[in-house]
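Enquirer: First to last, the sequence lines map onto chains A and B.
Position in the first sequence (from 1) plus 15 gives the number in my numbering.
Position in the second sequence (from 1) plus 1 gives the number in my numbering.
No lab work stands behind these hints, which were simulated from the structure alone.
Wrong hints could be hidden among the right ones.
[Unchecked claim] Chain B is faced by these chain A residues, among others (derived, beta-carbon under 7 Å):
no., residue
1, Leu106
2, His108
3, Pro118
Yeah, the Cβ is synthetic: ideal placement off N, Cα and C, and Gly gets one too.
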Amino acid sequence: MLSLRSLAKRYDGTSVFEGVDLEVAAGEFVAIVGESGVGKSTLLNCIAGLDTLDAGRVVVAGAEISALPEASQAQLRRSALGFVFQAFHVLPHLSVAHNVALPLLLLGRPDATAVSAALAGVGLAGFESRMPQTLSGGQLQRVAIARALVHGPKLLLADEPTGNLDAATAERVLELLVAQLRAHGAAGVLVTHSAAAAQRADRVLRLRADGLVDA
Amino acid sequence: MSAGATVPLLALLRELSWSHARHQPGRHAVAVLAVALGVALALSVHLINESALREFSAAVRQVNAQADLELRGPRAGFDEAVYGRVATHPLVALASAVVELDGVAFDAAGAPVPLRIVGIDALVAAALTPALLPRPDADADRLVVLDPGALFLNASAQRRVATPAGTPPATLRVRGGSGSLTLAVRGSVLADGPPLAVMDIAGAQASFGWLGRISRIDVRLVPGADRDAVLRDVALPAGVRAAAPDEAGERVSNVSRAYRVNLTVLALVALFTGAFLVFSVFSLSVARRLPQLALLGVLGLDARARLRLVLAESALVGVAGSSIGLLLGTGLAWLALQLLAGDLGGAYFPGIAPGLQVDAGALLLYGALGVFAAVAGGWLPARLAQRIAPAQALKGLGLAHAGAARAWVGPLLCLVGALLAFAPPIAGLPIAAYASVACLLVGGIACVPAALAALLRGVAPPRHALALLAVERARHERHAAAVAVAGVVASLALSVALTVMVTSFRDAVTRWLDEVLPADLYARGSAGTSGGDGATLAPALVAAARALPGVARVDAQRVTPLQLDPRRPAVALLARPLDAPERSLALTGPLLPARAGQVSVYASEPLANLYGLHAGRTFELPLPDGRRVPVHVRGVWRDYARQHGAVAIAADDWQRLSGDTRVNDLALWLQPGADRAAVQAALRQLAGPEVPLEFASAAELRALSLRIFDRSFAVTYWLQAVAIAIGLVGIAASVSAQVLARRREFGLLVHLGLTRAQVRAVVCAEGAVWSVAGAAVGLALGIAVAVVLVHVVNPQSFHWTMELLLPWPRLLALVAATVAAGALTAWWSARAAAGPDVVRAVRDDW
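Just chain A, same shape as in the assembly (with noise of 0.2 Å):
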C-alpha cells in the first residue's frame, strides 16, 4: 500500500534524512518513533505529496505520488490518504458533520448516512450538529479520527494524534484509532513519541538521519 524506496530531504543543503526504506501491507499499522527533529513530519509531508523530495520515489496504492503533478496529487490524498493530526484541526465554523462529511463532499459523493456512521463509530452518535467549540479535546479527535476514515482511504497518516490528550483519553482515541482503522482494512503510519502508543503497531521503527531502522 505504501513504498517508500532510498527517500532522501535536504533543507538548504542540510540533510534531514536520507535512505529511507519502508513497505507498508494493505491492513497493516506501522508506527515510527524518533527524536524531535529528526524529520518524522517530514516524512509524512514527503509521503503525502506535499513536500518535495531530493532522492528516492513513494507509491502509494500503486501510483508514484512523487512523480505525479499537484492535481494528480491532491487528488490522490482526496481518494487514497487520511490524516489526523495532533491539532485535531476541526474547522470551528462547520458543524461535526460537516466536518466529517468534508472528505465526501470533496469527492463529490455527499452521504450522510456514511457520515452519522463514521461518528458513530468513534463514539459521537448524535453529535452531528454540535459545533467543535463545545467538544472536549477527546471527542475532537475523535471527530477528526471520523474524517479521517469517512471516505475509506487506503492509508491513514496519523502524526502524534494523542499528543494534546490526556493519558487516559489518549488510550481510548488511540484503541479506537486502531479499531477503526482494522475495521476499515485501511494501512496506518503512526508517527510518535509515545512508547505506549507506539506498541499498538504492527511494527515499530525508527527513524535516523541514515533511515528506518527496527526500534
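Chain B: place on chain A using the hints.
Expert: Then chain B, alone, in the frame of chain A:
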C-alpha cells in the same frame, strides 16, 4: 494608569510591538501615511482658508476705521451735511468723512483692473485709518496729499498697473461712478488686500460725481462719551446707520464660511478613510499576532492590558502620522498660497496674496484629530485582542468567541442618521447633516453582519465542499465580514455619494444655464465681474445697440449690490425686462399674481431661504438714496450663481424707484444669418474706447461656467481616488488577515486533497463575494448619503436646491471597477494561502 501598569505596557510596546512593526514595515508605513495624508489635507485646507480669510479681513479692517463709531450710508452715499453735525458734536473727538466707490483702472496695456477708490481727508484720517494715510513719493511735495488730482496706490494696485519696467505709472486712467479721468500717481498707501487707490476726498467727489455726498463717517468719541447719546443728537437720516465695529470682518467671514466648512469636511473624509486603513492594518496585525497575544494571555497579560497594548500601538501610528501630516500640511498650505494665493476654487478672496499664518491651536487640533482617527481605527482590533479566549486561540479554534458587536447598533445609527437629516442647520451650517452622513456610514457598515445573517438564514448548507466552507464561514463568522467589507463599503459609499452629488449639481447647473442664457450674445463693461458701478454702460448705448444691423433684440440688465442685512454679505439686485417672468426666470414654484399698488420682485432661492422671503411675502427694498420701499415677492427663482441671494426686478420699476438708468450687461438676440463679429465690432465702436466691452456667446458662457464648476469640484475626484485606493488596501489587509487566521484551515484543505491553486481560488472567490456584498451595501449607502448631501447639505450650506440624479452607468461602472479591483486585490493577497507556510501551519505540533 498606575506606574506599575505603565512599565509593562512600555516594555511590551518596545519588545513586542516594535519588533512586529519592524517585520511588517510596509503595512505600518501605509497606515502612518494614510493618517499623515488625512491630517495634511485637512490642515492645509484649514491653513489656506484661515490665512486667506485673515489677510482679507485685515485688509478690510485697514480700509475701515479704528473708530468708536462708523456711520455708514447706502451705496449711493448720503448728504455730507451730516458730517458737519457729527464733527461739531461736543462728544466727538475726531470725525473723518470718507467716499468709497468701485472703479476700474487701465494698466499700461489698456486692460481694465478693478480698483477700489477711497477718498479721505488726509489731515484727519491719519489717526483713524493709518493704513490709508497717503505716503508721497520722495520727490513729491508733502502737500500733494491734498491735491485733488493725485492718487496713492497700495501694493496690489501698484503691481497690477505697473509699467513694463515694473515701476508704478506716472499717471493712471480711472473710471468710477459717472466720471472717467486720468490722475497722477504720486505715492503709496500701506493698506493690504485687493487693488486700492486713495485720493483726497474733495478730488474724489469732484471726479466721480459724488459732490455733496459721502459714503461713511469714522468717528472717535471723547473718553467716556455715550455712543447712543451722540447718535440721538446727530439724528442720522434714513439709510444711514451706525455699523458695529466688527461688522465688516464678520461679513467677510460669512461670505465664504459655508464653502470653507464644506471643503474642510471633504478634507476630513480623507482622515475618515485613513481611520479605516488603520482599522484594516491593525485587524491584520492582531490576526497575525493571535498566538502571541493568546500566549501573553496565558502568561498573565489580562484582557484590558491587551486592549491597551493595541490601542497604544494605534495611538503611536496616529502620533507618527499626525507629526508627518502636520509638517506636510503646513508645507502644502505654503505651496498652495504661493501658487493659488488662497483661492481653493471658490474665488472668495480675490486680489490678495496671503502669507502662511500658522496657529498652534490648529496644529494641536488637527494633530489630535489624526491621533483620534488612528485610535478609532484601532479600537475594534483592540477589542478583538481584548476578547481573545487564550485557550481556544492556542487550540487553533480562532476567534469564535471573540465577541460580536451588538446587532442593534447598526440599525440604531442608521435611524439616528435618518433623523439627523431632518434637523435644521446649526449656526447656519449643516452640522447635523454631516453627523447624519457619519451615522449612516458607520451604521451601514455595522449592519453588514445582520444583513448577511438575514441573507443566509434561508440558505441550506451547500453540498459542494468549497461552497459549504464559504457559506458556513460567512454564517458563523459574519462579524469578520464587517471587517472584510468595511473598507469597500466606506470608500464606495463616499465615491458614490460624491459622484451622485456632483452629477446632480452639474446637471442642475447645466439645465439652469440653458434657461438663463437664452440670447445669442452677451456683452458687459470690462472688469464688471459682479456688476456694480465700475463697469456701467450708458442707456444711450443700449438704444444704439438695438438699432444695429443684425441685432433683433437687446435686453439690458442692471446689476448692483444691495445690503439687506448689515451682518450678511450683500445680495445682488438684477433689474432687467421681466414681461414674462415665468419664461425668463427659472422659477422653482408658482408665480403669484401681481399686487395692485405694490412693486413686484422675484427672490432667488438662496435669498428666499436666507431671509425667509418666499413667494407672497412683502419686504422693504433699500434704494441707493437710503429710502426703503415695500415690494411684493411674486415668485422664487433658481440661481446657482449668487450664493448669498439675488432680487430680480423689472427694469422699469427699478428705474422709476431709484432713478438709476445705468446698465451693466446686454443680452443680444441676433437676426438669422447675422455676423456675430460684425455686431461685436459695431457695438465696440458705439461704446468707444472709454468703455471697453467684453463679449461672450451663450455657448462660451455655458462652457466657461461648466469649466469653473469642474475645476471647483476637481478635488472631489481626487478624494474619490484616495477613498477607493484606501478601500482596496483595506481589502488587501482584510484578506491577508483572513488568510493568516485561516492558515490551518487552508493547510487542512491541502491535506484533504485541494491543490494550492484551488485554495487560492477559494480565497479569491470569497474576496470577490465580499467585494460584491460590500459594493452592494456601499452603493445603497452611497445613494443614501447622496440624498443627504443633495437635499440637506447643499440647501443648508448654499441655500439652493436641485434634483437628485443617479448616473447609473457611472455608478455601475464604479461598482464593477471596485468589485474587479477587490477580486484582484484578494487574489494578490491570497498568495499566502497557497504558499508553503500553509502546509507547515498544520504541523504546528508535528
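Enquirer: Are there hints from earlier that the structure breaks, and if so, what are their numbers?
Expert: Structure breaks no hint.
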